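Construct the complete structure from the given sequences, taking the supplied hints into account.
There are 2 protein chains.
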Amino acid sequence: MISNLLHPDSIAVVGASNDVRKLRGMLLHTLLLGKFPGAIYPVNPGYEEIQGLKAYASLDDLPAVPDLALLVVPGAVAPQEIEKAAARGVKAAIVYSSDADPDALTQAIGASGLRLMGPNTEGLFIPKARLAPTFAHSVAEVLMHPGPHRNARRSVSIVSQSGGQGFALFGRGLAEKLDFHSVIATGNEVDLDCLDFVEHLVRDGEAGVILMFIEGLKRPERFARVAALAADRGVPLVVLKVGSSEAGRRAAISHTAHLAGTDTAYDALFRRYGVIRVADPEEMLAAAAAFSRLPLVTRANTAIITSSGGAGAWAAELCSARGLAVPMLNPGLQQKIASLIPSFGSAVNPIDVTAQAVEDGGAALAQVLATVVADDQIDAVIVNMGLGVKGRVKGLRPVYEPLFAQSQKPLLFHSHIIPSEENLEELADFGAHGFPSFRACAFALHALSAYGRFQQQCHASRANAQAAREPPSMPHFDVDEEAGGVLGEHATRSMLERFGVPTPPSRLASSSEGALAAARALGFPVVLKIQSRSISHKTEAGGVELNVSEADVEQAYARITANALRHAPNASIQGVLVQKQMPAGHEVVIGIVTDPDFGPLIMFGLGGIYVEILKDVAFAPPPIDRDEALRMIGSLKASPILFGARGRPAADVDALADLLMRVSDMAVAGQDTIDQLDLNPVFVYPKGQGLVAVDALIAVHQRA
Amino acid sequence: MISNLLHPDSIAVVGASNDVRKLRGMLLHTLLLGKFPGAIYPVNPGYEEIQGLKAYASLDDLPAVPDLALLVVPGAVAPQEIEKAAARGVKAAIVYSSDADPDALTQAIGASGLRLMGPNTEGLFIPKARLAPTFAHSVAEVLMHPGPHRNARRSVSIVSQSGGQGFALFGRGLAEKLDFHSVIATGNEVDLDCLDFVEHLVRDGEAGVILMFIEGLKRPERFARVAALAADRGVPLVVLKVGSSEAGRRAAISHTAHLAGTDTAYDALFRRYGVIRVADPEEMLAAAAAFSRLPLVTRANTAIITSSGGAGAWAAELCSARGLAVPMLNPGLQQKIASLIPSFGSAVNPIDVTAQAVEDGGAALAQVLATVVADDQIDAVIVNMGLGVKGRVKGLRPVYEPLFAQSQKPLLFHSHIIPSEENLEELADFGAHGFPSFRACAFALHALSAYGRFQQQCHASRANAQAAREPPSMPHFDVDEEAGGVLGEHATRSMLERFGVPTPPSRLASSSEGALAAARALGFPVVLKIQSRSISHKTEAGGVELNVSEADVEQAYARITANALRHAPNASIQGVLVQKQMPAGHEVVIGIVTDPDFGPLIMFGLGGIYVEILKDVAFAPPPIDRDEALRMIGSLKASPILFGARGRPAADVDALADLLMRVSDMAVAGQDTIDQLDLNPVFVYPKGQGLVAVDALIAVHQRA
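Same order as they appear, the protein sequences are chains C and P. Start counting the first sequence at 782; every next residue gets the next number (our numbering). Start counting the second sequence at 782; every next residue gets the next number (our numbering).
If you're looking for bench data, these hints aren't it; they were derived computationally from the structure. Just so you know, these numbers come straight off a predicted model, no measurement behind them. Any given hint could turn out to be false.
[What the hints assert, rightly or not] Straight line, CA to CA, 25 angstroms or less: simulated BS3-like cross-link-like pairs of lysine-lysine: (1) C:Lys1418 x P:Lys1396; (2) C:Lys1418 x P:Lys1175; (3) P:Lys1418 x C:Lys1396; (4) P:Lys803 x C:Lys1171; (5) C:Lys803 x P:Lys1175; (6) C:Lys803 x P:Lys803; (7) C:Lys1175 x P:Lys803; (8) C:Lys1361 x C:Lys1418; (9) P:Lys803 x P:Lys835; (10) P:Lys835 x P:Lys816; (11) C:Lys1396 x P:Lys835.
[What the hints assert, rightly or not] A few chain C residues facing chain P, derived, Cβ under 8 angstroms: (12) Asp790; (13) Ala1092; (14) Ala1097; (15) Phe1219.
[To be verified] Simulated coverage check for chain P against chain C, where a stretch passes if three residues somewhere in it have a Cβ under 8 angstroms from a Cβ of chain C: (16) 995-1007; (17) 1050-1064; (18) 1068-1078; (19) 1110-1121; (20) 1144-1155; (21) 1209-1223; (22) 1344-1354.
We put the beta carbon where it would ideally sit given N, CA and C, even for glycine.
Now the structure itself:
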């Protein structure tokens, strides 16, 4: 079981040696440095004693069955050692070797129930459990020179497929005075994968924020469930995922055989579950510090207090670039601040208290901070001053500490000149954090407010959950084998009707007179479309005529049936569909695409050029509710067009949101059948006048 | 003169004191720490001796006229001290006070010829000249603990309006082992501004790369000339400029009264002169390290060599995000590399040599590096390995150093775990650089290749300069006072004709019969437009009819003249312009806008939504040549539409480039007259079929 791995009572180290410069010795050495409280059994037939412990010739010789076996053996022999361990009743093992054959390991595990971490891993570290089965230098380093323990809002855990990146991040985090619950490097994941560990940590309840470095997921279909669990427990997931570039995907595959998956689908899932996606390790550490040290917010009107006007301008610029508001302060607040600072300072925001205010001991800066924190206009404060001079934070701590402790607003510190260790340590000592750059400050506030808003939405949608409606079930349909899984017009229409997707009024006609009668009933102009199971690309077959007038209906009927027979001489023709020609409206495209990893995604965009050239498209996994539908609509760069920009009438956005929800219903109900839906175009009419899906294509899974 | 400031023989310190904890003492202290070789005269009536030097009661008592006077006095008395200095014949002064009145200082300078730096400055530092008139801590620090001198390709200079940011950047740069030619903080710039210093540094020839931190330019019209000079001498300018956000602009104004200017115009100028714009201090240091240590390239196919597969994937991702190619290596190269690394590594790129290859001493990594550097496919290499372990670089130096010295390709080093000082120092010792993040590596390569390509273009356009044609001169025109500077149809048409802008065939008619005759000569359908100096908004006045057929010409003539008279009863009507109605083509918009700081800019975009909602617009300062015109066209996100995307015929891009050049001619010739030109829409026809400016508006400067 995974708990044998993370909370073992006893550990065997198979392949341990005395040479601490080599991995085989280093592993036991680190385990001992960690002061693991349970039994440790070195296993190596060549020795009586290893690093001061009694050694055993084989697992069979141990006085008791260990909870966990660590294998530091050549890759070639790892499978047989796993087999032995399983036979002995060992329930968990870590295989470190980079060159062990994954298939042989899987075979060796068989049905034994043994859970395996690795191969090609650097192991893990859980400080509180004094568990350090790793040869990572950064762990040995911290065990030899442990820092002070500090209380954090959330303790940080790293779950990384790459040991190199995971433990490097750990080392950098320690240098930034972060406290860690755990570091877990999952390696090539032949058995246990990163989601297993994340799920365990979330259920376990000790890790307050989890940083994931992933190249791809072995079983992506489980991601939604694990992410939903984390969201439910309020544990932010911060993810650094390779795969937005071809070169990154290539690297991921060649490195640990992870398929990076479709980045679009990952992004859509991340948005749905409030996952904070970061672009580099610096952003990851900024998010970790934020969640670990600071309260969440749902709004982030940011004040910047600085002792350097130039730095303040720069902070404002970087905050704005990250989408944070740095509002001009209200006149009353400006007035209060102006009375506290020199006349050549500035009270607008950024607030330039001037270097003089700091050189004078910092009382002015502290008063300004207290004033700003107390004002409702402001939700978060970045405090910038030089922290190079010894004793600077110590001197201001009597003011900073109570403000920091009592405030429900995030207070972030940054020094534009290189800060001294002593000042950073002093900040950390009362729970504050010295961020290494304004970019990091801005990212931290972005993460806190994005996650704060996400949690608020979660509560709102839980409250609305009772009102959730059951989607209709799938209607029966015949798969059109000849058309490669594309449904015929009739099946398509009944599917759309079942889910309430508006389509143009239409009738099936089987003669030219019938077509004329149908058209008269519908009103002119009309569209005629050939109906034949053998013809799936109607336009190419000359089987469609648009804008047909009363005078031309009968000839048009004759033309397209003739075209169809010329195109497919043996086609059986069911007739001609006569549809009312719909007036043009705002053109949009709505669809369902099936991601190979994550299943169905709802797609939304404006027509043609916007989707194909400008790539202005939104994706979301179903189900989507009204809020989510409105978010999708608003997320397009071109969305002002729908809201009435450039003098065009505003589109019926309510009807559009409604249609997105209906398509979402269809995706949920059709999970196992629908491979692709394409409503293209949908004409959206002015506010209150609804919309219509003019053309539709549904393809079903070939297995369906 | 500015040279008295940067290369003084003697310095007076007005207001100097013995208390080195206060600015007045600190300034002299730092000057002395710097071992300034010339005479230093403390001036303060209260002392016989200050910090071991003979003190003087006033400037008049000095034994000689100093080259440079430093004023550390209360702001209120600074102007009178400047007056005294000027009277004594001092040629340059620095005023440090934050609260000195700029106008009083300007008045004090009068016509004396004294050049003033500041006020509100932290001073400057030129290590080689042993000149340190500054109270910045980072300078005192480096003077007390000087590092080794290293030879660099380019020495780095910082010119910053903000002293806080300038000297903080200097301190961070020193920690990254950079070597500096100078740091200059220009403060509030009542006299000398940052462009004065940049120009001096470029002419002087010692600074090889100049980092500018600017909030706005006092005299932006000089920027183009100084940037062109730097481009000509091959001195890269790296600029961190506030102003892309409202909050940043507000900060700049309140801080040093700099108007940040139009960011669009700055960007257009920066592109023209090859200025590297950076988004934060981290990018600035990355660019500084790149130019200082590494050769330029014109192509940046990048190889990544790593000891950690995870780090390699991440490096590939960040390089791609910055637009660098990380190509799959050619099969032959892959094969060579595969023979040098363990089987569980990867030779595709990123090249994962595995941790084992490094633990084994690094010979394999070095061989891989040599192999990659020798291959034509690759232009630049990022070498990633853990540099935490003592002696790692020292051990590999025998391989790295000659490779680094002989290669014309940039080799960049990065350690994903925190590197030791010793390893970084060892790298710097042979001229290499340990970049602090992959993001920094990617930015460095972006800067080297962007500037490399820019220099290549400069050479190409110098070679083409002989072929440059003289633009036509401005035609005579009458300013239409009533229309607020908007030219009438006749003046507009003659202006467009003079510069060769194609317009629809048209004739002026003064009767309905005349209109019919004109229309018959032109061909139907036609457009009729009222011609009256009193009516500038023709459409609103009912003075335009489109798509007029032969049957309707005479009535249309009557309608619009009647409308016009109803709209403006006293209007004198010159007649009606009859224009051929042009067939629709690709719609584009071309214009001239006048930036208040930089003068005319050429604007180009696709019609309507693309410009107004998607902000997909390109700007460039005139003159523009064909290459620049084609770059503008290709820079639009929607440009694939012009090149024939989505089945539409490709537009006549050659004609479009030609029109952009003609508009550029117009902007150059009309520099002092044209305030705005708007060709909207221009119909661009398929390849070979030209284009036509269907509608045009020209506004002239009110002073013209």
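So, going through the hints one by one against the coordinates:
1. Simply put, lysine 1418 (chain C) and lysine 1396 (chain P) have alpha-carbon atoms about 10 angstroms apart, close enough for the 25 angstroms limit, and the pair holds.
2. With a C-alpha separation of about 52 angstroms, the suggested pair lysine 1418 (chain C) and lysine 1175 (chain P) falls outside the 25 angstroms cut-off, and the hint is violated.
3. Between lysine 1418 (chain P) and lysine 1396 (chain C) the alpha-carbon distance is near 10 angstroms, which keeps this suggested pair within the 25 angstroms criterion.
4. Distance check on the hinted pair: lysine 803 (chain P) and lysine 1171 (chain C) sit about 16 angstroms apart at the alpha-carbon level, within 25 angstroms; holds.
5. Proposed proximity of lysine 803 (chain C) and lysine 1175 (chain P) is supported: the alpha carbons are some 21 angstroms apart, at most 25 angstroms.
6. Proposed proximity of lysine 803 (chain C) and lysine 803 (chain P) is contradicted: the alpha carbons are some 55 angstroms apart, above 25 angstroms.
7. Between the alpha carbons of lysine 1175 (chain C) and lysine 803 (chain P) the distance comes to roughly 21 angstroms, so the proposed pair stays at or under 25 angstroms and holds.
8. Simply put, lysine 1361 (chain C) and lysine 1418 (chain C) have alpha-carbon atoms about 32 angstroms apart, too far for the 25 angstroms limit, and the pair is violated.
9. Distance hint between lysine 803 (chain P) and lysine 835 (chain P) is fulfilled; the C-alpha atoms sit about 20 angstroms from each other, no more than 25 angstroms.
10. The suggested pairing of lysine 835 (chain P) with lysine 816 (chain P) holds, with an alpha-carbon distance near 17 angstroms, which does not exceed 25 angstroms.
11. Taken as a hint, the lysine 1396 (chain C) and lysine 835 (chain P) pair is broken in the structure, with Cα atoms around 73 angstroms apart against an allowance of 25 angstroms.
12. For aspartate 790 (chain C), the interface hint is violated, since its Cβ never comes within 8 angstroms of a Cβ in chain P; the closest pair sits about 31 angstroms apart.
13. Using the Cβ-Cβ criterion of 8 angstroms, the hint placing alanine 1092 (chain C) at the interface with chain P is satisfied: the shortest such distance is roughly 5 angstroms.
14. The interface hint given for alanine 1097 (chain C) is met, as the beta carbon of that residue sits about 4 angstroms from the closest beta carbon of chain P, less than 8 angstroms.
15. Given hint, phenylalanine 1219 (chain C) at the interface with chain P, holds; its Cβ is 7 angstroms from that chain's nearest Cβ, closer than 8 angstroms.
16. Coverage of a stretch by a chain is defined here by at least three residues with a beta carbon nearer than 8 angstroms to that chain's beta carbons; for the stretch 995-1007 of chain P and chain C the count is 1, and the condition is violated.
17. Counting residues of the stretch 1050-1064 of chain P whose beta carbon lies closer than 8 angstroms to any beta carbon of chain C gives 4, which meets the minimum of three for the stated coverage.
18. A count of 0 residues in the stretch 1068-1078 of chain P with a Cβ less than 8 angstroms from any Cβ of chain C is obtained; the coverage claim is therefore unmet, three being the minimum.
19. With 0 residues having a Cβ less than 8 angstroms from any Cβ of chain C, the stretch 1110-1121 of chain P misses the three-residue criterion, and the hint is violated.
20. Evaluation of the coverage hint for the stretch 1144-1155 of chain P: breached, as 0 residues show C-beta separations to chain C shorter than 8 angstroms, against a requirement of three.
21. A count of 3 residues in the stretch 1209-1223 of chain P with a Cβ less than 8 angstroms from any Cβ of chain C is obtained; the coverage claim is therefore met, three being the minimum.
22. Closer than 8 angstroms: that is the beta-carbon criterion, and the stretch 1344-1354 of chain P has 0 residues meeting it against chain C, so the requirement of 3 is violated.
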